[in-house]
Amino acid sequence: MSHDILTSTFAGAIRSGTPLLFATLGEILAERSGILNLGVEGMMLIGAFTGFAVSYTTSNLWLAVVAAMGAAAILASLHAFVSITLKVNQVVSGLALVFLGAGLSGFWGQRFVGIQSVSFVNVKIPLLAEIPFVGNILFNRDPLVYVGYVLAPFIWWYLYKTKYGMNLRAVGEAPGAADARGINVSLTRYIYTIMGGALAGLGGAYLSLAYTSMWVENMTAGRGWIAVVLVIFAIWDPLLAMLGAYLFGGISVLQFGLQVTQTPIPPNIMKMFPYLFTVLVMLFTSSEKMKKRFGAPSALGVPYSREEKT
Amino acid sequence: MKFKTLVIVSMLLAIGLFAFAGPLKIAFVFVGPINDNGWTQAHYEGGVVAVKKAFGDKVQITYIENVPEGAPSLNVLNSLASRGFKLIYATSFGYMNQMVQSAKSHPNTIYEMCAGYKLAPNLGEYFGRMYEPRFLSGLIAGAMTKTNKIGFVAAYAIPEVIRGIDAFTLGVRAVNPKATVHVVWTYSWYDPPVEKEAALSLINSGCDVIAQHQDSPAAVQAAESKGVYAIGYDSPNMGRFGPHAYLTAPIWHWDAFYVPNVKSVLDGTWKSESYWGGMKDGVVGLAPMSKLVPDGVKKLVNAMADEIKSGDFHVFEGPIYDQNGKLRVPAGKIMSDSELLSIQWFVKGVVGKIPKK
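Protein chains in written order, with the working numbering: chain A, 1 to 310; chain B, 1001 to 1357.
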């Protein structure tokens, strides 16, 4: 029986970590370019709603995924416009996005409450799924989980091993220098903020298309905020984000396993751990020396204007 | 002098009559959207829709959705009262203090508060004995389980939820003394992925019937995906999420309260009281049992439902033992309403803990 609890906890960790992973990867892209977008929760909600609405009306799940990403990207472009072109406070604009996303999805979503739509089903990967113990947990999942497996290493490679990734990091660390080298700072920030939004939308779509095949108002229930925390936990690294997302997801599932097996660890304490870890990471990276290597992008949250450099 | 007083009094009376000659203005304050397939929808259908149907032009009804609980609700309540609404229903526990405040400053408006406990001359309370249909759903779960392990996905350890789990377990053990009810707390009323994970963890540990005190159908969906049975809550619509899993659901029929209550206000016989209606009043009930429930079980459940309605059977009649085997309610004694409203212990057969405060 305890073996069952263990495997179901691992399986649950991936299931509940996947939406966090997408949203976190998206926020990493935006923040690496220097744009702090606290509106993840709102973008996920728009994604979850749009995905559900499209899958319900067309029964086409992949179209629904694309629509969800597109809708969240539109919301993100709003944030990009306000914070890059108009140079207003990014925290305020991000928070506005949360309420905008929650409000719009709640309003448009009213007639989609209480109905069931199609859902992604598990696809077994031949051979890999036969590996004892881990095979079934890792390789008998829905397709979006596999997208997550591939996306995190890809973004890592893109960030650290390609010219475009280097430009992106340069814009977030030293926009003045990047500008001097001929990189279009505003355009770069626009692109990655919008891409980040699309990934948040994908995270939301996972909730309404794979996790549960339903839409309810505010169904993200704070996962967007967890993603914002996860970015710091992962010190802006896509591979660590993968680890963190599955870890955070695992802890949220483990609390039920512990309750079922009558293990006397209060769930409230369990729920606290991810945040405790994050604070520890922040302490660890707070020194000047560590900050250079592991800290936030230097220009994070700072609007860039060329005039100020003179 | 006397004549003058008489004139003034009759003038006041005339004004009073004139004021009451129009339709009774009724307002509903809702905590969620009216189409949530759950709590608020049940109040909307049993309140707004049923009252309009029953009284037509005699009433004028408005409702406000998504009103935040606590301090922000005071403005809403006060503005309704000052706009001439004479009867205000608030449908969530979190409005209670604001209802008391607003009732104090608007003595000519009648307030009715759902799930609270404070009374005032112009403030009444109402709620339903949901534990009665929960007991019936327990009978079904006890009869349907093969593993003798039944899961219960529960939101918060408050008396309302604990009472429901206890009543459910008493029902389970009435037909199947070997069965146990395993409780998992989600610490959320409404978080579908979390509710689903909670249900899956119960199913993975061997539970083959999943019951719930949650407002989303995610647990039903989880049961459907794993091929076990599910008992919903709030609304028979939850059955749509698990056609091969759904057995029944304890549900609300608020019209049984709202229609007579509005009538008493129209007739001028309204008085402030704590209303706690049960199956005999029709406020709570069991949704039609699905075709997965065998006829024999249906018969038993219907017979017990009649016993509860007639008052021959009380769910919380002793002997009742708690989780640790201690006799809590001696044979022949029935738990009082105040004991039920504050219950903080599990009956024998529940596996799970009530978190300490």
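Just so you know, the hints here were simulated from the structure itself, not pulled from any lab data.
Since the model is a prediction, treat every value here as computed from it, not as a measurement.
Treat the hints with care, as some may be off.
Said to hold, decoys possible - Derived CB-CB ranges, DEER-like:
no.	chain 1	residue 1	chain 2	residue 2	range
1	B	Lys1299	A	Gly135	44 to 52 angstroms
2	B	Gly1227	A	Ile131	21 to 29 angstroms
3	B	His1244	A	Ala174	54 to 62 angstroms
4	B	Glu1065	A	Leu280	40 to 48 angstroms
5	B	Asp1322	A	Trp157	53 to 61 angstroms
6	B	Glu1065	A	Met166	47 to 55 angstroms
7	B	Glu1065	A	Lys289	37 to 45 angstroms
8	A	Leu128	B	Tyr1117	52 to 60 angstroms
9	B	Pro1319	A	Leu127	23 to 31 angstroms
10	A	Gly135	B	Asp1281	54 to 62 angstroms
11	B	Tyr1117	A	Glu130	54 to 62 angstroms
12	B	Lys1291	A	Lys271	53 to 61 angstroms
Said to hold, decoys possible - EDC-like cross-link-like pairs, simulated, lysine to aspartate or glutamate; straight-line CA separation at most 20 angstroms:
no.	chain 1	residue 1	chain 2	residue 2
13	B	Lys1149	A	Asp4
14	B	Lys1226	A	Asp142
15	B	Lys1146	A	Asp142
16	B	Lys1226	A	Asp4
17	B	Lys1146	B	Asp1208
Even glycine gets a Cβ: it sits at the ideal position worked out from N, Cα and C.
Checked hints:
1. Lys1299/B - Gly135/A: 44 to 52 angstroms: Since the Cβ atoms of Lys1299/B and Gly135/A sit about 48 angstroms apart, the hinted range of 44 to 52 angstroms holds.
2. Gly1227/B - Ile131/A: 21 to 29 angstroms: 25 angstroms, holds
3. His1244/B - Ala174/A: 54 to 62 angstroms: Since His1244/B and Ala174/A have Cβ atoms about 60 angstroms apart, the given range 54 to 62 angstroms holds.
4. Glu1065/B - Leu280/A: 40 to 48 angstroms: Given a distance of about 42 angstroms, which is inside 40 to 48 angstroms, the answer is holds.
5. Asp1322/B - Trp157/A: 53 to 61 angstroms: 59 angstroms, holds
6. Glu1065/B - Met166/A: 47 to 55 angstroms: Hint holds: Cβ distance 51 angstroms, inside 47 to 55 angstroms.
7. Glu1065/B - Lys289/A: 37 to 45 angstroms: Given range 37 to 45 angstroms: violated, Cβ gap about 54 angstroms.
8. Leu128/A - Tyr1117/B: 52 to 60 angstroms: Given about 58 angstroms between the Cβ atoms, the range holds.
9. Pro1319/B - Leu127/A: 23 to 31 angstroms: 60 angstroms, violated
10. Gly135/A - Asp1281/B: 54 to 62 angstroms: For Asp1281/B against Gly135/A, whose Cβ atoms are near 56 angstroms apart, the range 54 to 62 angstroms holds.
11. Tyr1117/B - Glu130/A: 54 to 62 angstroms: 59 angstroms, holds
12. Lys1291/B - Lys271/A: 53 to 61 angstroms: 40 angstroms, violated
13. Lys1149/B - Asp4/A: 16 angstroms, holds
14. Lys1226/B - Asp142/A: Cα-Cα ~16 angstroms, so holds.
15. Lys1146/B - Asp142/A: Outside the cut-off at roughly 30 angstroms; violated.
16. Lys1226/B - Asp4/A: 14 angstroms, holds
17. Lys1146/B - Asp1208/B: 7 angstroms, holds
When held up to the earlier numbered hints, the structure conflicts with 7, 9, 12, 15 and fits the remainder.
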